[in-house]
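Number of protein chains: 2
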Amino acid sequence: MTTVNAYAAQDAVTPLAPFNFDRRDVGPHDVQIEIMYCGVCHSDIHQVRNEWGGSIYPMVPGHEIVGRITVLGEAVKNFALGELVGVGCFVDSCRVCPSCLAHEEQYCDKGMVGTYNGRDKEGNPTYGGYSTQIVVDEKYTLHVSEDLPIEGVAPLLCAGITTYSPLRHWNIGKGHKVAIVGLGGLGHMGVKFAASFGAEVTVLSTSKSKEQDALNLGAHHFAVTSNPDTIKNLQGHFDFILSTISAQHDYNLYLGMLSLNGTMVVVGAPPQPSIVQAFSLIGKRRSLAGSLIGGIKETQEMLDYCAEHGIVSDVEVINMGEINKAYERMLKNDVRYRFVIDIASLNR
Amino acid sequence: MTTVNAYAAQDAVTPLAPFNFDRRDVGPHDVQIEIMYCGVCHSDIHQVRNEWGGSIYPMVPGHEIVGRITVLGEAVKNFALGELVGVGCFVDSCRVCPSCLAHEEQYCDKGMVGTYNGRDKEGNPTYGGYSTQIVVDEKYTLHVSEDLPIEGVAPLLCAGITTYSPLRHWNIGKGHKVAIVGLGGLGHMGVKFAASFGAEVTVLSTSKSKEQDALNLGAHHFAVTSNPDTIKNLQGHFDFILSTISAQHDYNLYLGMLSLNGTMVVVGAPPQPSIVQAFSLIGKRRSLAGSLIGGIKETQEMLDYCAEHGIVSDVEVINMGEINKAYERMLKNDVRYRFVIDIASLNR
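Each protein sequence line maps, in turn, to chains F and Z.
My numbering puts the first residue of the first sequence at 1, with every later residue one more than the last.
My numbering puts the first residue of the second sequence at 1, with every later residue one more than the last.
Everything labelled a hint here was simulated from the structure, so no lab data went into it.
Some hints here could point you the wrong way.
Where chains are identical, the list cannot tell them apart; a pair therefore holds if satisfied intra-copy or between any two copies.
[What the hints assert, rightly or not] Derived DSBU-like pairs (lysine-lysine); straight-line CA-CA distance at most 30 Å:
#1 Lys208 with Lys77
#2 Lys325 with Lys121
#3 Lys110 with Lys232
#4 Lys110 with Lys332
#5 Lys77 with Lys110
#6 Lys325 with Lys77
#7 Lys174 with Lys121
#8 Lys208 with Lys139
#9 Lys139 with Lys77
#10 Lys139 with Lys332
#11 Lys121 with Lys232
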């Protein structure tokens, strides 16, 4: 076992603080990764503060991990020492259920093993990427291109795949009018992917201040949802809406903007339930759906797509010690668009 | 113009009572229909009592109409004098929008003209089937088989197509596990169609008392949703759930029973908004969708399918004077499964 430096939450209300723990020894199928960057996801805050319930403390968050392989298990086949790799939201799953066999481990019947705030098959808590090192089975490890800025790749492991997967699943591309609701860590990736796939992209935001950024990211239009005239003009307009908001919001407002047979997919998960009026769905045979990250195979496909098309997340790199301040800024939407922790700062 | 006998609501709180009004003259493209039977839909109650807002009084409800053609407009091409015909939930639409051109007039961009509680293109209120006669453009008139019991056909015009259409749209058939929520006018038709299409059908009901009926209607299984063990055992079980309940209910309870990529379609429209927890959708990429009756082309297809397969609604025939009592019984789920008014009773 190796003792690693980390930051952890000791409970739901105390700020994150330095913490040490032991990583498991490298098994035959494992790779040991020296973590270089770890993205900061809104779900880190939800879980640190136990807003979804069931949090395990101490908690070392972080599931947008990029680093280099420092030790290879003897049976590892698909990775090389020194290779740049990524780890996303889960590090194991049952491997035998229909979802796992269909390469959709995120929907594992037994429940995937979260990269943090989960329990591995021995019942030990899992610790995430706010740490200097992680040991992961190669089956749950991703290849990362050397050609992209590494810090911009880290958020692809969650924010990237979370938006890529539903756009692919619902076959979004040329000829589709797509709205992205919210322009944060998820939303800005949704804009990049939807535009890259050929869709006509509108960003829906409560804040006019993000208009220029939205256009810079590749959006074709921008609309402020607090303007009733805007809402009225967009009734029945979109084929597909991707809602990235993780605060409680009114689904009906957005459902009304869907055209016949349109689909709104929620990828943000407000802790509180939301309101849906049946008429909002019935009137134009609309669907409200959810989508959860993506499987390992699709995550690799997404990373390869990003390498080919030069897509990364727009990030603000911080030191580990700035994490509590970063959380506060995220809650005020004051980040363009993802905080990424420079994990080297943990050793300084 | 012809003066016809009818029953009408004069406002949202007074019981329905006898009423006379004039039907328009038969235009070149119209058929005049002597109404024989009219089904009683839950939406009649919603609209009579103004529970959806915007009700127009006096209101003559009724949109499950079967009768015989007594006058043919000079330009009518597809119907014959004396022919048995049906009229469903709408009697006109804009005819030029993409939905109308796609034979989905129920989703007309300008709004379909409801058979009652609507306004025709001249702005006159429309009056429905709780009356002895109706004049309808042949394009919005359906052919009805002479081989089925006429009173059992009437509810097909709304309850039938409302359940047939989503089952067809989502391609339900062999190999699918389908749940029908609620065993009323809509639900019992949903069971018949889903079973006829080859699906494995479970009825979900709050009332154990309907078990034998559900099985008699063609369901393969029956589950009482007030039993927590039942709910637990059915988690992730169904590919498709059709919710026919028009009272407020907890969508999450049913969403949890959907398998990966499963869809729940609501066809009942509670006046109050319902609660949806994003996690219920995200966890297995589930969809919550709505569906609204069906277009004229699909309604004819449904009627032809019913004639071919001997499918009708199970009905309790009442006289017009019993309508207020029937409404009260419907609100207690005390009808198996659709009241149908013998319109001849209006002339007695």
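### Message
Cα distance capped at 30 Å. Does Lys139 pair with Lys332 within a copy, between copies, both, or neither?
### Response
neither (37 Å within a copy, 56 Å between copies)
#### Entry: 30 Å Cα threshold - placement of Lys332 relative to Lys110
neither (36 Å within a copy, 41 Å between copies)
### Query
Between copies, within a copy, both or neither: which fits Lys208 and Lys77 at Cα up to 30 Å?
For Lys208 and Lys77, the Cα distance exceeds 30 Å both inside one copy (50 Å) and across copies (57 Å).
### Message
Reference check for the pair Lys139 and Lys77, CA-CA at most 30 Å: within, between, both, or neither?
### Response
Classified as within; 10 Å inside a copy, 67 Å across copies.
### Query
At most 30 Å between C-alpha atoms: does Lys121 with Lys232 qualify within a copy, between copies, both, or neither?
between (52 Å within a copy, 24 Å between copies)
### Query
Which holds for Lys77 with Lys110 at a C-alpha limit of 30 Å: within a copy, between copies, both or neither?
Cα proximity of Lys77 and Lys110: one copy only (26 Å, versus 61 Å across).
### Homo-oligomer pair classification [Lys121, Lys174; C-alpha up to 30 Å]
neither (44 Å within a copy, 37 Å between copies)
### Intra- versus inter-copy proximity for Lys139 and Lys208 (alpha-carbon distance at most 30 Å)
neither (43 Å within a copy, 48 Å between copies)
### Query
Using 30 Å as the alpha-carbon threshold, which applies to Lys325 and Lys121: within, between, both, or neither?
neither (34 Å within a copy, 61 Å between copies)
### Query
Using 30 Å as the alpha-carbon threshold, which applies to Lys325 and Lys77: within, between, both, or neither?
neither (41 Å within a copy, 75 Å between copies)
### Status of Lys232 relative to Lys110 across identical chains (alpha carbons, at most 30 Å)
between (44 Å within a copy, 15 Å between copies)
Of the numbered hints given earlier, the model fails hints 1, 2, 4, 6, 7, 8, 10; all others are met.
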